[in-house]
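A.B. asks: Here is what each chain is made of, one letter per residue.
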Amino acid sequence: AQSVTQLDSQVPVFEEAPVELRCNYSSSVSVYLFWYVQYPNQGLQLLLKYLSGSTLVKGINGFEAEFNKSQTSFHLRKPSVHISDTAEYFCVNSGGSNYKLTFGKGTLLTVNP
Amino acid sequence: NAGVTQTPKFQVLKTGQSMTLQCAQDMNHNSMYWYRQDPGMGLRLIYYSASEGTTDKGEVPNGYNVSRLNKREFSLRLESAAPSQTSVYFCASRTGNTNNSPLHFGNGTRLTVT
Numbered sequence: 001a002q003s004v005t006q007l008d009s010q011v012p013v014f015e016e017a018p019v020e021l022r023c024n025y026s027s028s029v030s031v032y033l034f035w036y037v038q039y040p041n042q043g044l045q046l047l048l049k050y051l052s053g054s055t056l057v058k059g060i061n062g063f064e065a066e067f068n069k070s071q072t073s074f075h076l077r078k079p080s081v082h083i084s085d086t087a088e089y090f091c092v093n094s095g096g097s098n099y100k101l102t103f104g105k106g107t108l109l110t111v112n113p
Numbered sequence: 001n002a003g004v005t006q007t008p009k010f011q012v013l014k015t016g017q018s019m020t021l022q023c024a025q026d027m028n029h030n031s032m033y034w035y036r037q038d039p040g041m042g043l044r045l046i047y048y049s050a051s052e053g054t055t056d057k058g059e060v061p062n063g064y065n066v067s068r069l070n071k072r073e074f075s076l077r078l079e080s081a082a083p084s085q086t087s088v089y090f091c092a093s094r095t096g097n098t099n100n101s102p103l104h105f106g107n108g109t110r111l112t113v114t
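As they're listed, the protein sequences go chains A and B. The first sequence begins at 1 in this note's numbering and counts up by one. The second sequence begins at 1 in this note's numbering and counts up by one.
If we strip away everything but chain B, and leave its shape as in the complex, we get (with noise of 0.2 Å):
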């Protein structure tokens, strides 16, 4: 059981390039987001998805864009990339019915812009 994989686990980008950052959950959840996690900051919300077909912007969202192409798969993209956007983002899923349910993380990925 996977559960919530990533790709990739790491990555280089130079300032303008554009790169899009791959999420796919095998649980069958309803909810997926996307959250970045910089030093002293703790996460923080760029965007989520409540269901299939649904995106909304979150704390953080100026600089990037995403995708909710089916049920299990939830890709962020960012278009221009910025030293700004050097940071860990991380992936997770719920069930989305409630409130009361927990997120399932994946292992993140590190992405440094110079």
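In isolation and in its complexed conformation, chain A is listed as follows (with noise of 0.2 Å):
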């Protein structure tokens, strides 16, 4: 079965600091990779997606990730959060059955002044 950790539960970082939060997938097949952030008291919104190619994928907001192979990880970064950026992020894998997802558990990133 596929799964997805999200190594960190919480991350509090100051404004401006940057940021990584981090994600490991099990290997499959075929792989497709999302992060998307939720606000409060809002559904999910999505901040990026790796289906192929380059390893590097740009997101929305300035958030980044990169797709490394051998390790199987996906961690999203930012060289300097906001304010703003105050969300719970999920990393999310699409590449096991044709219409099931999985998802991890979320990291609250939460960014004091």
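No wet-lab data here; the hints were simulated from the structure. There could be a bad hint or two in this list.
[To be verified] When the alpha-carbon atoms are kept at most 35 Å apart in a straight line, the in silico DSBU-like pairs for lysine-lysine are as follows: (1) B:71 x B:14; (2) A:69 x B:9; (3) B:9 x B:57; (4) B:71 x A:49; (5) A:69 x A:100; (6) B:9 x B:71; (7) A:69 x A:49; (8) A:49 x A:100; (9) B:14 x A:49; (10) B:71 x B:57; (11) A:49 x A:105; (12) B:14 x B:57; (13) A:58 x A:105; (14) A:69 x A:105; (15) B:9 x A:49; (16) A:69 x B:14; (17) A:69 x B:57; (18) B:9 x A:105; (19) A:100 x A:58; (20) A:58 x B:14; (21) B:9 x A:100; (22) B:71 x A:105; (23) A:100 x B:71; (24) A:105 x B:57; (25) A:58 x A:69; (26) B:71 x A:58; (27) A:58 x B:9.
[What the hints assert, rightly or not] Over 12 Å on every C-beta distance to chain B, these chain A residues come out as not near it, computed from the model: (28) 12; (29) 18; (30) 20; (31) 38; (32) 55; (33) 56; (34) 62; (35) 71; (36) 79; (37) 82; (38) 102; (39) 105.
Built from N, CA and C at the ideal position, the CB exists for glycine as well.
Hints in hand, dock the two standalone chains.
C.D. replies: Here it is in structure tokens:
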């Protein structure tokens, strides 16, 4: 069965600091990886996706992620965070059975002034 | 462009009451999903519909039923609500033709069962 592990449940950082949210996935024949962001009291919004090709993927709001096949990782990064980046972030693998997706348990990013 | 619309936004039920959560998408997507979100548990799949006319169980289907009314609409029914069903429910959709299409989410229904 597919699995997605988000290594940190909470990440507190100060404004303008860099941040990395870590995600490891279980290997599969095909791997399609997504990062979603959930702001308080809202639904999930797509940040970025890796389907194939370049291993460095750029998304919205200045986020990027790097696909590393040898380490089965897909870590999310931002060089300088803002207060408005405070949210929960989910790593998702869609490479399993045709219609089901595997979600990580989420990482709560809190940006402090 | 509304995307995925869920109603109601909030609901309070007493144990044993029934209700239906509505979901509609206007993106002509084939696949639709119902998830529940609980603190520390991430999102768990309740039911999904790969295409119009089909539905299948997910990880946590007990206590729920679904109906794929047409291509646009996918409803979730609680026949006899229990406090364990207190949660935030999300509907999502995607094109469904391949695994590489992302999910589009609604804004959720916050359900409390007392």
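A.B. asks: Does each hint hold? Answer for all of them.
C.D. replies: Against the structure, the hints come out as follows:
Between residue 71 of chain B and residue 14 of chain B the alpha-carbon distance is near 32 Å, which keeps this suggested pair within the 35 Å criterion. Restraint check for residue 69 of chain A and residue 9 of chain B: not satisfied, since their Cα atoms lie roughly 40 Å apart, outside the 35 Å limit. A distance of roughly 24 Å separates the Cα atoms of residue 9 of chain B and residue 57 of chain B; the hinted pair therefore holds under the 35 Å criterion. Proposed proximity of residue 71 of chain B and residue 49 of chain A is supported: the alpha carbons are some 26 Å apart, at most 35 Å.
With a C-alpha separation of about 21 Å, the suggested pairing of residue 69 of chain A with residue 100 of chain A holds against the 35 Å cut-off. Distance hint between residue 9 of chain B and residue 71 of chain B is fulfilled; the C-alpha atoms sit about 22 Å from each other, no more than 35 Å. The straight-line distance between the Cα atoms of residue 69 of chain A and residue 49 of chain A is roughly 15 Å, inside the 35 Å bound, and the hint therefore holds. At most 35 Å may separate the alpha-carbon atoms for a hinted pair to count; residue 49 of chain A and residue 100 of chain A meet this at roughly 16 Å.
Using a Cα cut-off of 35 Å, the hinted pair residue 14 of chain B and residue 49 of chain A is violated, with the two alpha carbons roughly 41 Å apart. Taking the CA atoms of residue 71 of chain B and residue 57 of chain B, the gap is near 18 Å; set against the 35 Å cutoff, the hint holds. Taking the CA atoms of residue 49 of chain A and residue 105 of chain A, the gap is near 18 Å; set against the 35 Å cutoff, the hint holds. For the suggested pair residue 14 of chain B and residue 57 of chain B, the alpha carbons sit about 25 Å apart, so the restraint of at most 35 Å is met.
Taking the CA atoms of residue 58 of chain A and residue 105 of chain A, the gap is near 22 Å; set against the 35 Å cutoff, the hint holds. Proximity of residue 69 of chain A to residue 105 of chain A is assessed by CA-CA distance (about 21 Å); at most 35 Å being required, the pair is judged to hold. The suggested pairing of residue 9 of chain B with residue 49 of chain A holds, with an alpha-carbon distance near 28 Å, which does not exceed 35 Å. Annotation: proposed proximity of residue 69 of chain A to residue 14 of chain B is violated, straight-line Cα distance about 49 Å (limit 35 Å).
A hinted pair counts as satisfied when its Cα atoms are at most 35 Å apart, and residue 69 of chain A with residue 57 of chain B qualifies at roughly 31 Å. Only pairs whose Cα atoms come within 35 Å are accepted, and residue 9 of chain B paired with residue 105 of chain A is accepted, the gap being roughly 23 Å. The suggested pairing of residue 100 of chain A with residue 58 of chain A holds, with an alpha-carbon distance near 25 Å, which does not exceed 35 Å. Proposed proximity of residue 58 of chain A and residue 14 of chain B is contradicted: the alpha carbons are some 46 Å apart, above 35 Å.
A threshold of 35 Å between alpha carbons decides the hint, and for residue 9 of chain B with residue 100 of chain A the separation of about 25 Å falls inside it, so the pair holds. Annotation: proposed proximity of residue 71 of chain B to residue 105 of chain A holds, straight-line Cα distance about 30 Å (limit 35 Å). For the hint pairing residue 100 of chain A with residue 71 of chain B, the CA-to-CA distance comes to about 18 Å; that is within 35 Å, so the pair holds. Between residue 105 of chain A and residue 57 of chain B, the direct Cα distance comes to roughly 20 Å. Compliance with the 35 Å bound is thereby established for this hinted pair.
Pair hint residue 58 of chain A plus residue 69 of chain A holds up; C-alpha atoms about 17 Å apart against a cutoff of 35 Å. For the hint linking residue 71 of chain B to residue 58 of chain A, the alpha-carbon distance of about 32 Å falls within 35 Å, and the restraint holds. A distance of roughly 32 Å separates the Cα atoms of residue 58 of chain A and residue 9 of chain B; the hinted pair therefore holds under the 35 Å criterion. Non-interface call for residue 12 of chain A relative to chain B: holds, since the shortest CB-CB distance, roughly 17 Å, exceeds 12 Å.
Against the 12 Å criterion, residue 18 of chain A stays outside the reach of chain B, whose nearest CB is about 25 Å from its own CB. Remark: the non-interface label on residue 20 of chain A is consistent with the geometry, its nearest Cβ contact in chain B lying 20 Å away (cut-off 12 Å). At the 12 Å boundary, the C-beta of residue 38 of chain A falls inside the reach of chain B, the nearest C-beta of that chain being 9 Å off. Under the 12 Å C-beta cut-off, the non-interface status given to residue 55 of chain A relative to chain B holds; the minimum distance is some 16 Å.
Distance to chain B confirms residue 56 of chain A as a non-interface residue, since its nearest Cβ pair spans about 18 Å, more than 12 Å. Chain B leaves residue 62 of chain A outside its interface by the beta-carbon criterion, the shortest separation being 19 Å against a cut-off of 12 Å. Every C-beta of chain B lies more than 12 Å from that of residue 71 of chain A, the closest at about 22 Å, which supports listing it as non-interface. Non-interface call for residue 79 of chain A relative to chain B: holds, since the shortest CB-CB distance, roughly 24 Å, exceeds 12 Å.
Distance check for residue 82 of chain A against chain B: the nearest CB is about 23 Å away, which clears 12 Å, and the non-interface claim stands. Not every CB of chain B lies more than 12 Å from the CB of residue 102 of chain A, the least distance being 9 Å, so the non-interface label is violated. Look at residue 105 of chain A: its CB is around 4 Å from the nearest CB on chain B, not clear of 12 Å, so calling it non-interface is violated.
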